[in-house]
Amino acid sequence: MADDDWARQRGEAVRVQAERLRARQDAEHARAGALLHKFVGAASAAGLAPEDLRVRGYGGRGTARTPLRGWYLRADRTAGVSTDGDFYVLTAPLSLFDRVRGVRPVPTNPPLILGAGGKDGESVALVEALDRLLPGWRSR
Numbered sequence: 003m004a005d006d007d008w009a010r011q012r013g014e015a016v017r018v019q020a021e022r023l024r025a026r027q028d029a030e031h032a033r034a035g036a037l038l039h040k041f042v043g044a045a046s047a048a049g050l051a052p053e054d055l056r057v058r059g060y061g062g063r064g065t066a067r068t069p070l071r072g073w074y075l076r077a078d079r080t081a082g083v084s085t086d087g088d089f090y091v092l093t094a095p096l097s098l099f100d101r102v103r104g105v106r107p108v109p110t111n112p113p114l115i116l117g118a119g120g121k122d123g124e125s126v127a128l129v130e131a132l133d134r135l136l137p138g139w140r141s142r
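The opening residue of the sequence shown carries number 3 in my numbering; numbering runs sequentially from there.
What the hints contain is simulated information worked out from the structure, not anything from laboratory work. Using N, Cα and C, we set each Cβ at its ideal position, and we do this for glycine too. It is possible that part of the hints are untrue.
[As the list claims (entries may be wrong)] Pairwise CB distance ranges (calculated):
#: 1; residue 1: R22; residue 2: G61; range: 28 to 38 angstroms
#: 2; residue 1: V16; residue 2: T85; range: 22 to 32 angstroms
#: 3; residue 1: D86; residue 2: E130; range: 16 to 26 angstroms
#: 4; residue 1: V108; residue 2: R63; range: 13 to 23 angstroms
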């Protein structure tokens, strides 16, 4: 019986931890989404011209057109924000057909830190990335 109680308690603890993690991630995505929408409004008001966003193949193997317009958030052009305020990861496995026809990326939940968990020097705060594009955008 004691083993059953222990297993049940551990299972409950795991469930609670998973719920807390999910809540933290949802809150982070909501804050990042609000920042992106505010940036898009400020960029449009300031006349910061959006550009056509392209998807890069894994390992730098070619690019593909997308129907998206917006701004690249990283110097390597692997993440961007559309004029609608949606966040996109702009890397994917691309076939020859994709490179010719183009692709339609799906928006993803935006992070507050771009490249978090990557190699040293590869992560950047979302706010810093947006500041590079349009200095002072938060006060506009």
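Enumerated hints in conflict with the structure, sorted upward: As far as the earlier hints go, only 2 is violated by this structure.
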